[in-house]
Every structure is written in C-alpha cells, then in structure tokens.
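*Asks:* In case you want the letters, here they are:
There are 2 protein chains.
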Amino acid sequence: MLRTHTCGELRLDQVNQEVTLAGWVQRVRNKGGLIWVDLRDRYGLTQLIFEEESSEKALLEKAETLGREFVVQATGTVIERTSKNDKIPTGAIEIKVKTLEVLNAAKVPPFIIEDETDGGDELRMKYRYLDLRRNVVREKLQLRHKMMQETRKYMDAQNFIEVETPVLIKSTPEGARDFVVPSRTNPGEFYALPQSPQTFKQLLMVSGFDRYFQIVKCFRDEDLRADRQPEFTQIDCEMAFVDQEDILSTFEGLTKHLFSSVKGVELEEVKRMTFADAMKYYGNDKPDLRFDMKFVELNEVAKGKGFGIFDNAELVVGICAKGAAEYTRKQLDALTDWVKRPQIGAKGMVYAKYNADGTIKSSVDKFYSTEDLQAWASAFEAEPGDLMLILSGDADKVRKQLSELRLKMGEDLGLRDRNVFKPLWVMDFPLLEWDEETGRYHAMHHPFTSPKKEDIPLLDADPGAVRANAYDLVINGVEIGGGSIRIHDKATQQLMFKHLGFSEEEAQKQFGFLMEAFEYGAPPHGGIAFGFDRLCAIFGGSDSIRDYIAFPKNNSGRDVMIDSPSSIADEQLTELSIRLAVKE
Amino acid sequence: MLRTHTCGELRLDQVNQEVTLAGWVQRVRNKGGLIWVDLRDRYGLTQLIFEEESSEKALLEKAETLGREFVVQATGTVIERTSKNDKIPTGAIEIKVKTLEVLNAAKVPPFIIEDETDGGDELRMKYRYLDLRRNVVREKLQLRHKMMQETRKYMDAQNFIEVETPVLIKSTPEGARDFVVPSRTNPGEFYALPQSPQTFKQLLMVSGFDRYFQIVKCFRDEDLRADRQPEFTQIDCEMAFVDQEDILSTFEGLTKHLFSSVKGVELEEVKRMTFADAMKYYGNDKPDLRFDMKFVELNEVAKGKGFGIFDNAELVVGICAKGAAEYTRKQLDALTDWVKRPQIGAKGMVYAKYNADGTIKSSVDKFYSTEDLQAWASAFEAEPGDLMLILSGDADKVRKQLSELRLKMGEDLGLRDRNVFKPLWVMDFPLLEWDEETGRYHAMHHPFTSPKKEDIPLLDADPGAVRANAYDLVINGVEIGGGSIRIHDKATQQLMFKHLGFSEEEAQKQFGFLMEAFEYGAPPHGGIAFGFDRLCAIFGGSDSIRDYIAFPKNNSGRDVMIDSPSSIADEQLTELSIRLAVKE
Numbered sequence: 001m002l003r004t005h006t007c008g009e010l011r012l013d014q015v016n017q018e019v020t021l022a023g024w025v026q027r028v029r030n031k032g033g034l035i036w037v038d039l040r041d042r043y044g045l046t047q048l049i050f051e052e053e054s055s056e057k058a059l060l061e062k063a064e065t066l067g068r069e070f071v072v073q074a075t076g077t078v079i080e081r082t083s084k085n086d087k088i089p090t091g092a093i094e095i096k097v098k099t100l101e102v103l104n105a106a107k108v109p110p111f112i113i114e115d116e117t118d119g120g121d122e123l124r125m126k127y128r129y130l131d132l133r134r135n136v137v138r139e140k141l142q143l144r145h146k147m148m149q150e151t152r153k154y155m156d157a158q159n160f161i162e163v164e165t166p167v168l169i170k171s172t173p174e175g176a177r178d179f180v181v182p183s184r185t186n187p188g189e190f191y192a193l194p195q196s197p198q199t200f201k202q203l204l205m206v207s208g209f210d211r212y213f214q215i216v217k218c219f220r221d222e223d224l225r226a227d228r229q230p231e232f233t234q235i236d237c238e239m240a241f242v243d244q245e246d247i248l249s250t251f252e253g254l255t256k257h258l259f260s261s262v263k264g265v266e267l268e269e270v271k272r273m274t275f276a277d278a279m280k281y282y283g284n285d286k287p288d289l290r291f292d293m294k295f296v297e298l299n300e301v302a303k304g305k306g307f308g309i310f311d312n313a314e315l316v317v318g319i320c321a322k323g324a325a326e327y328t329r330k331q332l333d334a335l336t337d338w339v340k341r342p343q344i345g346a347k348g349m350v351y352a353k354y355n356a357d358g359t360i361k362s363s364v365d366k367f368y369s370t371e372d373l374q375a376w377a378s379a380f381e382a383e384p385g386d387l388m389l390i391l392s393g394d395a396d397k398v399r400k401q402l403s404e405l406r407l408k409m410g411e412d413l414g415l416r417d418r419n420v421f422k423p424l425w426v427m428d429f430p431l432l433e434w435d436e437e438t439g440r441y442h443a444m445h446h447p448f449t450s451p452k453k454e455d456i457p458l459l460d461a462d463p464g465a466v467r468a469n470a471y472d473l474v475i476n477g478v479e480i481g482g483g484s485i486r487i488h489d490k491a492t493q494q495l496m497f498k499h500l501g502f503s504e505e506e507a508q509k510q511f512g513f514l515m516e517a518f519e520y521g522a523p524p525h526g527g528i529a530f531g532f533d534r535l536c537a538i539f540g541g542s543d544s545i546r547d548y549i550a551f552p553k554n555n556s557g558r559d560v561m562i563d564s565p566s567s568i569a570d571e572q573l574t575e576l577s578i579r580l581a582v583k584e
Numbered sequence: 001m002l003r004t005h006t007c008g009e010l011r012l013d014q015v016n017q018e019v020t021l022a023g024w025v026q027r028v029r030n031k032g033g034l035i036w037v038d039l040r041d042r043y044g045l046t047q048l049i050f051e052e053e054s055s056e057k058a059l060l061e062k063a064e065t066l067g068r069e070f071v072v073q074a075t076g077t078v079i080e081r082t083s084k085n086d087k088i089p090t091g092a093i094e095i096k097v098k099t100l101e102v103l104n105a106a107k108v109p110p111f112i113i114e115d116e117t118d119g120g121d122e123l124r125m126k127y128r129y130l131d132l133r134r135n136v137v138r139e140k141l142q143l144r145h146k147m148m149q150e151t152r153k154y155m156d157a158q159n160f161i162e163v164e165t166p167v168l169i170k171s172t173p174e175g176a177r178d179f180v181v182p183s184r185t186n187p188g189e190f191y192a193l194p195q196s197p198q199t200f201k202q203l204l205m206v207s208g209f210d211r212y213f214q215i216v217k218c219f220r221d222e223d224l225r226a227d228r229q230p231e232f233t234q235i236d237c238e239m240a241f242v243d244q245e246d247i248l249s250t251f252e253g254l255t256k257h258l259f260s261s262v263k264g265v266e267l268e269e270v271k272r273m274t275f276a277d278a279m280k281y282y283g284n285d286k287p288d289l290r291f292d293m294k295f296v297e298l299n300e301v302a303k304g305k306g307f308g309i310f311d312n313a314e315l316v317v318g319i320c321a322k323g324a325a326e327y328t329r330k331q332l333d334a335l336t337d338w339v340k341r342p343q344i345g346a347k348g349m350v351y352a353k354y355n356a357d358g359t360i361k362s363s364v365d366k367f368y369s370t371e372d373l374q375a376w377a378s379a380f381e382a383e384p385g386d387l388m389l390i391l392s393g394d395a396d397k398v399r400k401q402l403s404e405l406r407l408k409m410g411e412d413l414g415l416r417d418r419n420v421f422k423p424l425w426v427m428d429f430p431l432l433e434w435d436e437e438t439g440r441y442h443a444m445h446h447p448f449t450s451p452k453k454e455d456i457p458l459l460d461a462d463p464g465a466v467r468a469n470a471y472d473l474v475i476n477g478v479e480i481g482g483g484s485i486r487i488h489d490k491a492t493q494q495l496m497f498k499h500l501g502f503s504e505e506e507a508q509k510q511f512g513f514l515m516e517a518f519e520y521g522a523p524p525h526g527g528i529a530f531g532f533d534r535l536c537a538i539f540g541g542s543d544s545i546r547d548y549i550a551f552p553k554n555n556s557g558r559d560v561m562i563d564s565p566s567s568i569a570d571e572q573l574t575e576l577s578i579r580l581a582v583k584e
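These protein sequence lines map, in sequence, to chains A and B. Residue numbers for the first sequence, in the UniProt record's numbering: 1 to 584. Residue numbers for the second sequence, in the UniProt record's numbering: 1 to 584.
One or more of the hints may lead you astray.
One copy or two, either will do: identical chains are not told apart, so a pair holds if it fits within one copy or between any two.
Said to hold, decoys possible - Simulated crosslink set (DSS-like; lysine-lysine; CA at most 30 Å straight-line):
id, residue 1, residue 2
1, Lys294, Lys397
2, Lys62, Lys452
3, Lys153, Lys217
4, Lys322, Lys397
5, Lys146, Lys217
6, Lys107, Lys452
7, Lys263, Lys146
8, Lys280, Lys453
9, Lys509, Lys217
10, Lys490, Lys62
11, Lys153, Lys263
12, Lys87, Lys62
13, Lys217, Lys340
14, Lys153, Lys256
15, Lys453, Lys107
16, Lys509, Lys107
17, Lys453, Lys62
18, Lys107, Lys498
19, Lys305, Lys340
20, Lys87, Lys340
21, Lys98, Lys452
22, Lys217, Lys96
Hints in this document: simulated from the structure, not taken from any laboratory.
Model the full structure from these sequences, guided by the hints.
*Replies:* Printed below as a string of structure tokens:
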C-alpha cells in the first residue's frame with residue numbers, strides 16, 4: 001500500500017508514530033513558513049503540517065505548489081495538535097511531514113468539491129467522477145452498498161437462492177417498450193433487455209428452486225420523467241407453495257431488517273389497506289400515512305342546499321387540516337389557485353374555518369346555515385382551530401385532486417417528516433384496468449397475476465371489477481414494491497391472455513414456453529419486486545433516485561460524461577444486418 | 001405456507017405429529033391396496049404411504065391417479081418406518097396420509113428427472129426448467145449462490161464498496177465486438193453493452209471510492225466456442241493507492257476464503273511465476289501445476305549428432321513422464337498420432353524409455369549413442385522407469401505443442417485430480433502482442449494497463465519486449481482472473497493509445513472522458529476481474545461453465561427455451577429508426 005493508515009484513522013494513541021498517508025488535497029493554508037494541508041480520502045480528513053524551522057526548504061517549497069485535489073503521499077510523525085478540532089475524529093492530531101510526493105497534479109476542478117457545491121446539475125453530471133468525490137454523494141452510494149449487503153444477508157438466511165437470470169432475452173409487446181439488441185449471428189433477429197426477470201423467476205419455481213431472489217438491473221425504453229431511469233435495479237423475489245400472507249410476512253421481515261440494520265429504526269407492524277379503501281380515503285393507491293387527514297365524503301350534508309356546484313357534482317369530498325384555521329385569506333386564495341392549476345385541474349375549492357371561538361366561517365356562507373356548517377364539522381370530526389377544505393366534481397377526478405391537496409397540506413404543515421417511516425401494504429388491486437388509448441383492458445400488474453378465485457365469474461360480465469391477488473408495499477406515499485400470487489395453470493393463463501386481447505397464436509408465440517412449463521408440474525407461487533433505487537432514496541431521505549445511482553443518465557437518456565449513446569461504425573451496422581433509417 | 005415442513009426435515013423426533021408437505025411426485029409404487037409415494041422438493045425426499053385398511057377409498061383412488069412430477073399437498077401423521085432407508089436423511093419415517101390434494105397435474109416429462117437422465121443436450125436445454133429440477137443441476141446453482149454470498153462477505157469485510165455500473169454504455173472498437181442497443185430517443189445512435197466495467201471502475205478510483213467491487217454481467221459478441229457465453233459474470237474489483245503486491249495479497253485472500261468457506265479446502269500460499277518462465281517451462285501462460293513435468297530444453301545435448309530433424313530445429317524440448325516407461329509401442333504410436341493431429345500440429349515425436357534395468361531405448365537409437373541418451377536422461381533428471389517425450393521445431397510452436405502433450409500425459413497418468421487445487425499467479429505479462437491479422441500491436445490485457453517503468457524506454461525500439469504490471473490468477477491450468485496496475489496519468493495513456501495505433505482524434509473521441517479525469521487528481525490504482533462462471537465450474541469440478549449458468553445460451557447464441565433472439569415488429573424498428581438489411 002502507498003499508505004500505512006487512511007486519512008480517517010489516526011488518533012492521539014498514534015502520537016510519535018511515523019506514518020504514511022495518501023489522498024487528495026482538500027485545502028492548503030499558507031501562513032508563510034507554516035503550511036497546513038487538509039488531506040482527504042474516503043475515510044476522513046487529516047491535517048498535515050510543514051514548518052519552516054524544522055522542514056527542509058525544498059519540502060516547504062514543494063508543499064507550496066500543492067493545489068486543490070492534488071493527489072499526494074506524505075510521510076511524517078503523528079503529533080498532538082495545539083489547537084484541536086473536535087468536529088472531526090482525527091482533530092486531536094496532525095502529521096509533521098518529512099517527505100512529500102505528488103502522485104498526480106490536478107487542474108482546478110470545475111466546481112467546488114465540498115458538501116455544498118457551486119456546480120450546477122449538468123456540470124456535475126458531466127464530471128460525475130468529481131461529483132462522486134463529495135462526501136454527501138459518496139455516502140449515498142455507501143448507503144446503497146449497505147442495503148445490498150443487508151438484503152442479501154436476510155434473503156440468504158431465509159433460504160432464498162440468488163440466481164442470475166439472462167439479460168439477453170426475448171421482446172414481448174405487452175407492457176412498456178423494450179430495449180432491443182440486434183443479433184449478429186441470427187440476422188434480422190433481436191434480443192430484448194428484460195423489463196423484469198418475471199418469466200424466468202416463475203420458471204425457477206417450476207424448477208423447484210422454491211425460493212429465489214436477485215438484485216438485478218432491468219430496462220425500460222420509456223420517455224423519461226424526472227425520476228425514471230432507462231436502467232434501474234430491482235430486488236426481485238419469488239416463492240413457491242405460498243399464499244399471499246406468506247409473501248407479506250416474509251417481505252415485511254425484509255423491510256424491518258433493512259430499517260433496523262441500516263438505519264437503526266425499529267418499524268411497527270406494517271399496516272394493511274385494500275386498494276378500494278386507499279382510493280376512497282386517500283384518493284391514491286399509495287397513501288402517505290405519516291399523517292392522517294383522511295377523505296370525508298359530504299354528499300349527504302352538502303348537497304341540496306342550493307349551492308349548484310355541489311348539487312351538480314357526483315362527489316363532494318374534503319379533508320380536515322388540524323390546527324390550520326389560522327390560514328389567512330391570502331393563503332387560502334393561494335391554495336385555491338394551486339388546486340386550479342392544470343396539473344391538478346380542480347374547478348375551485350371551498351373552505352370552512354372552524355375558528356377558535358367555535359364559529360365557522362366558510363367561503364360559501366351564503367348557501368349554508370350555521371347548522372349546515374356544524375354538520376360538516378361533525379362529519380369531519382373537526383375541532384375549533386381546524387380548517388376544512390372541500391372539492392367537488394366527478395368522483396374519480398376529484399379524489400385525485402384532493403389527494404394532491406392532502407399531500408400539499410401535509411407538506412405545508414410539516415407532517416411529512418423524512419425521518420418518520422410509515423410502511424403500508426395496499427392489497428386487492430384490480431386485475432385489469434381500462435386503457436383509453438388502446439380501447440382495451442390491460443393487466444394492472446402484469447398478465448401473470450392471478451385473479452381472486454371468487455371474482456373469476458366476473459371476468460366476462462364486469463372485467464374491471466375483478467380483484468387480483470396483488471399487493472404493493474408503500475412507504476411514505478412512495479410505491480417501493482409490488483407483487484402478486486401468480487397464475488400457475490395453463491387454462492387460467494390462457495383465459496387471462498384472452499381477456500387481454502391476445503389471439504391464441506400470439507399468446508403461444510410469446511409465452512408458449514411458460515404455458516408449456518405449467519403443464520409439467522408447476523407449484524402455486526408468488527413473489528414481489530422492490531424498486532431498489534427508490535428504496536435507497538427513501539432510506540436516504542431523498543426524493544430523487546438519481547443521487548443513489550453511481551452513473552445515472554439524464555432526462556434524455558444520455559450519459560453526458562461518456563457521451564453515450566453515440567454513432568457506431570458502418571461496419572458494425574453491416575455485421576448486424578441493419579441500416580439506419582435516419583439521415584446522419 | 002402450503003406446508004408445515006419441507007420434504008427434507010422430518011425425523012423420528014416428529015413421529016405422531018400431524019404435518020403437511022407439498023412437492024413433486026418422484027415415484028409411485030402401487031402394491032394394490034398399499035401405495036408409496038416419494039415426494040420431492042428442493043430440500044429432500046419424504047415417503048408418503050396410503051393404506052387400504054386405514055385410508056378412505058376415495059383417498060386411495062386419488063393416490064392411484066398420481067403420476068411422475070405431479071405437484072401435490074399431503075397432510076398426515078409422521079410414523080416410524082418398518083424398513084428404514086439409511087440413504088436419505090428422512091429415511092426413518094414416512095407420512096401416513098389423511099388428505100391429499102393435487103395442486104397441479106403434470107404431463108410425462110420429456111426426459112427422466114433424476115441425477116442420471118436420458119435427456120440429450122438439446123432436449124434438456126429446451127426444457128431447461130425441467131433440467132434444473134434435477135438435484136445435480138440445482139446443486140451447481142446453489143454452489144454458485146454460496147460463492148456469491150461468500151465473495152461479498154469477504155469484499156465487504158475488506159471495506160470494498162459494491163457499486164453498480166451502467167449496462168447501457170458506449171461502443172468502442174478496441175477489444176472484442178460489442179453488443180449494441182439502438183436508442184429510440186437519439187435516432188441513429190446506439191448504446192453498447194459493457195465487455196467489462198473497466199473505465200467506470202477506474203473513474204470510481206478517481207472519485208476516491210478507494211475500493212470497489214461488483215459481481216456483474218458482461219457481454220461479448222464473439223463467435224461462440226464450447227465454453228463461451230455471450231453474457232457472462234465477473235467479480236470485478238479495483239483498489240486505489242496500491243501496488244501490485246497489494247492486489248495479489250488481497251485476492252489471494254479472497255481465493256483462500258472461497259476455498260475454505262465453500263469447499264472446506266485450506267489452500268497453501270499461491271505460487272508465483274513470470275509469464276516468461278511459464279512459457280519456457282510449460283509452453284503456456286496458464287500452467288496446470290497439479291503435476292510437475294516441466295519442459296527441459298535439449299538443444300545442447302541433442303543437436304549436432306546427425307539427426308537432421310533436431311539439427312534443423314530452432315528448439316528441441318521435452319518432458320519426462322515419471323513412471324511411464326511401461327508405455328507400449330502401441331501407446332507410443334498413438335501418442336505420436338495424437339501430437340500430429342492438425343489441432344496440435346507437431347511433425348513427429350521422439351521418445352526415450354529409461355527402462356527399469358537402466359538401459360535407455362529411444363526411437364532415434366541410430367543417431368544417438370548410449371552416452372548421448374544418458375546425457376538426455378541427466379538433463380531430464382530421469383530415473384529408471386521414466387519416459388522422455390521430445391518435440392522439436394520452431395520455438396514458439398513447439399512449446400505450444402509440448403504444452404498440449406504435457407496436459408494429455410498428466411490426464412492419462414491421472415495427475416489432474418479434480419479435488420486438488422493448485423493456484424498460481426502468472427506475472428509480468430507482455431504489454432503488447434503482435435496481431436498478424438491487423439498487422440499491428442494490440443494491448444495484451446487492455447489499453448489501460450501500465451507498462452513496467454523500467455521498460456518504457458523500449459516502447460519505441462522493441463514494443464513486444466515491454467512488460468506490463470499485469471497478472472493472471474490460474475487454477476489447475478484455467479485462467480480464473482486477470483488484472484493490472486493501471487495507467488493513471490494522461491501522458492502515459494496518450495503514449496499507450498499512440499502505440500496501439502489510435503489517432504489523437506480517435507483516442508479523444510473514445511476515451512477523452514477518462515484522460516480528462518486523469519487530469520483532476522487520479523490516484524495510482526489497479527484491479528482484477530475474475531471470471532465468475534469459470535470459478536464456479538472449477539469449484540464444482542466441471543470443465544463447462546454452462547452447467548453453472550441458470551439459463552445459458554447454446555453455441556449459436558440462442559436461448560432455445562424461450563426461442564430468442566426473435567424477429568420484432570415493424571413498428572419497433574420504425575420507432576428505433578433502423579431497418580433490416582436482410583430479407584426476412
């Protein structure tokens with residue numbers, strides 16, 4: 001090693017020892033004849049000192065040439081500092097340097113490499129390797145490392161076998177768009193990169209692997225939104241001979257283990273809620289349970305009083321913000337404007353303040369009597385000091401709008417603490433959802449999800465009402481994982497494909513291998529996949545997954561650091577039997 | 001769970017307990033009124049018993065319908081067997097079944113699902129999910145699982161950070177052929193799949209990650225040989241502030257840890273050998289050290305005696321097979337034929353038997369006197385009973401031929417025991433190797449490998465003589481891992497690209513980001529990558545890596561189970577701005 005110790009480990013115990021450190025120059029202070037250098041590595045910061053009186057002149061001159069981010073190796077004696085720095089673990093000592101070697105000089109970095117940086121997003125992406133030098137960024141990836149190790153530790157202890165499934169697989173039109181890979185040796189044919197190892201993990205259950213997991217890259221060629229990446233990582237799992245309850249308890253166990261081992265947080269039992277209740281009470285299939293503020297439906301107390309907007313609405317529904325009656329008119333107007341923005345799309349907002357003196361002041365006082373408003377307050381179980389906010393309109397739409405308003409109020413009132421974690425199982429998802437664009441039903445989870453037995457008769461009459469054995473794990477309003485009990489017999493799988501609009505031929509061409517496998521003794525099985533990037537972000541208290549990916553792509557799917565994607569040579573195209581359909 | 005116990009865990013202790021098992025029917029024996037069923041899962045085999053006298057008729061009838069590989073759930077009482085089977089851990093008990101449920105019927109499998117199967121290679125690949133049901137196959141993947149976990153345990157304990165590097169990267173013409181992925185959002189441009197995360201791990205060193213590892217899929221679009229797969233797995237590692245010695249000791253540590261924890265084998269210290277010595281003494285840069293049989297050069301004692309073939313040869317070189325003097329004339333002729341096959345390419349073979357009586361009988365007695373042959377024997381340090389085998393010709397070629405002969409003799413004489421492990425570091429590889437096809441030098445390891453400082457002056461005069469700071473880990477004649485100390489400054493990297501025939505512009509276009517990174521404070525660093533598939537095969541005692549991959553591709557790069565690669569829809573091509581250059 002080019003060092004005897006790291007920059008994070010020396011203490012008073014080592015005083016008088018001769019040591020060699022290597023690292024990056026974080027800072028140089030030159031007091032003329034006395035130079036301090038903060039030397040940094042992944043493990044910490046240690047102060048080097050060069051003194052005119054005791055050092056050779058050449059050494060001092062060399063130290064004077066050091067700039068930020070130079071890579072140096074320094075040998076010297078550990079001494080006790082006269083003025084100690086109790087902010088860093090090595091703050092009691094410094095190194096009186098005897099020899100200094102510049103291992104590599106550095107140009108002035110394009111942005112400041114400290115926790116607070118002056119680098120903009122694009123600049124930091126282009127020089128990602130410098131951004132990763134910042135402690136706050138590196139620590140996020142160290143958190144990710146720890147989560148990976150602890151995930152595997154738990155899964156291994158639970159007898160899961162880690163199996164690597166192939167990356168070069170087969171393109172299927174169902175679901176999101178595939179990335180494809182032209183095959184040179186099979187001209188005109190393509191591999192696809194997996195959106196998930198779904199069929200392979202099911203085949204492993206058919207193989208009797210019993211318990212499978214993998215932390216695996218998956219790929220989706222979608223138009224990127226802020227928090228999507230074309231390649232992302234899943235904790236992918238599958239179990240045989242289980243029912244839904246077994247999956248929930250096993251992965252509740254994983255979640256608790258991760259919180260406990262990585263964050264020192266002991267989670268309570270994970271709450272459970274049906275999809276129907278989540279929509280009814282939170283307008284959202286991933287409710288943030290860090291705060292209550294449940295939806296209250298007001299049709300009975302708010303309709304028929306001559307207020308046309310409510311009278312004509314399918315649903316009048318509101319939330320009660322505890323202790324927010326002090327909101328000013330200006331704040332309430334701003335809230336009204338906020339819900340009326342096109343992204344939310346509400347037509348307006350009604351409020352009713354339950355004042356501290358017991359009176360109620362609403363924005364629709366001319367339509368509602370004091371008794372009417374008291375009836376609202378009872379419905380909300382409101383108390384003096386609370387603020388009731390009410391939206392109305394088409395039921396599905398208004399619930400979505402109110403969900404956004406609820407989250408905003410939670411945020412504004414400081415109820416969404418990043419250090420509080422409220423996990424939730426959302427269950428009994430619909431099997432199918434109607435897609436306006438294609439004019440047909442799509443699988444809400446995926447085509448391999450089993451319907452609830454008692455709902456199968458509804459498949460023909462009312463497909464949208466069929467519930468699936470499907471569940472999501474939600475933490476703090478973020479979907480962290482989702483899974484289902486799978487179909488494990490050919491007949492049901494065929495039925496499912498039929499309802500998804502596959503012809504028998506298409507189903508056979510794309511998934512014939514899976515249906516055939518079901519005929520050779522497939523056990524009942526089910527599983528789950530966690531979005532690992534998002535899980536890390538939740539643990540780290542961030543909204544963006546990008547910080548938790550070492551080398552992310554930007555919103556156009558480019559890696560601006562290596563400048564990829566890029567053009568390739570004509571010979572490569574020829575070998576692959578493809579041509580560009582664009583002008584270059 | 002659909003079971004209270006697995007099929008591997010019940011013992012006499014559980015007698016009289018009511019249990020529920022689930023699994024696959026391995027075998028049914030029907031003695032009329034008495035039916036035994038062997039029920040199998042990943043954990044073992046348990047015998048179920050159905051008796052006419054005590055079981056309901058319906059139950060017995062149901063048991064009679066069971067066929068091989070049916071998936072069933074059985075509830076009953078654990079009883080002691082009258083005739084115990086001490087070959088299986090559950091052999092002391094059986095389950096007297098009360099209720100039986102067929103969870104899934106099974107068609108007759110296309111081959112026998114036992115350790116010894118009648119299924120041919122192709123059939124087993126098409127039904128890989130059934131092949132994986134065989135214990136011998138599943139155990140290989142469980143070994144792989146264990147090796148993954150133990151690798152991570154060691155690396156984590158050594159402070160390495162596991163970082164996932166991107167799969168969608170940039171195509172570079174250096175090295176093997178890339179798989180490429182057309183970008184939809186950047187028409188006419190392509191990502192490439194990584195042949196290794198090389199540049200990313202080096203950038204992580206520039207970032208100060210200090211120690212990185214990853215168990216990662218890599219991709220190479222090569223014409224497949226028997227033991228190559230288009231996607232394969234590496235244990236990929238990199239360390240900063242190290243010299244070669246640190247890498248060797250760290251990964252010698254990993255190797256020992258794996259042998260100890262996975263196989264219970266305590267390795268001796270790993271031997272070391274220069275590339276030059278490996279070629280001189282074994283004709284091979286990955287010598288199998290399970291047996292000695294070193295090359296002995298005979299130019300001095302064999303030339304100038306009138307035997308034209310030797311006299312005209314650049315090199316006369318041989319091996320001494322201990323105790324093989326008993327080889328018959330027929331065996332020796334067969335060996336001669338073997339070395340003359342086109343795959344080996346020798347012109348002939350000379351032998352000399354050192355008989356038990358002290359006489360020496362050679363195939364060239366008419367050219368060599370007894371004293372001459374005694375001189376050969378001395379050179380070989382041969383003893384009575386040994387067989388000397390000698391080839392001659394062009395030095396490079398004859399070494400390769402003799403290497404093959406040495407390995408064959410080792411095999412024939414039973415010296416290559418699969419349960420003996422002889423690891424070896426081969427060091428000081430040449431930096432460059434001449435490529436006849438392209439008429440230029442190529443990087444023997446890769447273009448980021450550093451030359452030995454003292455050899456840099458030779459770069460212009462004698463490029464082929466420059467040695468690199470590069471090393472391979474070889475076990476039993478198989479290259480398991482390879483790595484190098486990297487270049488970490490721009491000037492040397494530019495020099496290297498120049499010598500590899502890159503124009504400045506090409507170097508900048510392809511690796512500009514890396515050279516720029518070197519200017520911002522790159523530490524000295526180096527690393528290694530292990531071929532994980534091959535490492536698993538060595539541990540499992542197999543020659544083929546395919547057995548250690550859950551879903552391998554065949555020699556044409558096809559997955560015959562899912563039938564991939566396959567054609568994709570015209571709309572997909574259009575979206576990707578590409579066209580086929582082949583008729584479909």
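*Asks:* Indicate which option fits the pair Lys153, Lys217 if close means a Cα-Cα distance not exceeding 30 Å: within, between, both or neither.
*Replies:* Answer is both; intra-copy 19 Å and inter-copy 21 Å each pass.
*Asks:* How would you label the pair Lys509, Lys107 (within, between, both, or neither) given a Cα cut-off of 30 Å?
*Replies:* between (58 Å within a copy, 21 Å between copies)
*Asks:* When no copy is named, should Lys98 and Lys452 be tagged within, between, both, or neither for a Cα gap of at most 30 Å?
*Replies:* between (75 Å within a copy, 28 Å between copies)
*Asks:* With 30 Å as the alpha-carbon cut-off, assign the pair Lys153 and Lys263 to within, between, both or neither.
*Replies:* both (16 Å within a copy, 20 Å between copies)
*Asks:* With identical chains, the pair Lys87 and Lys62 could be close in the same copy or across copies; at 30 Å between alpha carbons, which is it: within, between, both, or neither?
*Replies:* within (29 Å within a copy, 75 Å between copies)
*Asks:* Taking 30 Å as the upper bound on the Cα-Cα distance, should Lys107 and Lys452 be classified as within, between, both, or neither?
*Replies:* between (64 Å within a copy, 26 Å between copies)
*Asks:* Within a copy, between copies, both or neither: which one fits Lys153 and Lys256 at a CA-CA cutoff of 30 Å?
*Replies:* both (13 Å within a copy, 21 Å between copies)
*Asks:* At most 30 Å between CA atoms: does that hold for Lys87 and Lys340 within a copy, between copies, both, or neither?
*Replies:* neither (49 Å within a copy, 75 Å between copies)
*Asks:* Go through the copies and call it for Lys453 and Lys62: within, between, both or neither, with a Cα cutoff of 30 Å.
*Replies:* between (78 Å within a copy, 24 Å between copies)
*Asks:* Indicate which option fits the pair Lys217, Lys340 if close means a Cα-Cα distance not exceeding 30 Å: within, between, both or neither.
*Replies:* neither (40 Å within a copy, 49 Å between copies)
*Asks:* Could you place Lys62 and Lys452 in one of the four classes (within, between, both, neither) given a Cα distance threshold of 30 Å?
*Replies:* between (75 Å within a copy, 27 Å between copies)
*Asks:* Indicate which option fits the pair Lys453, Lys107 if close means a Cα-Cα distance not exceeding 30 Å: within, between, both or neither.
*Replies:* Classified as between: cross-chain Cα gap 25 Å, same-chain 67 Å, threshold 30 Å.
Of the numbered hints listed earlier, those contradicted by the structure are 13, 20 and 22.
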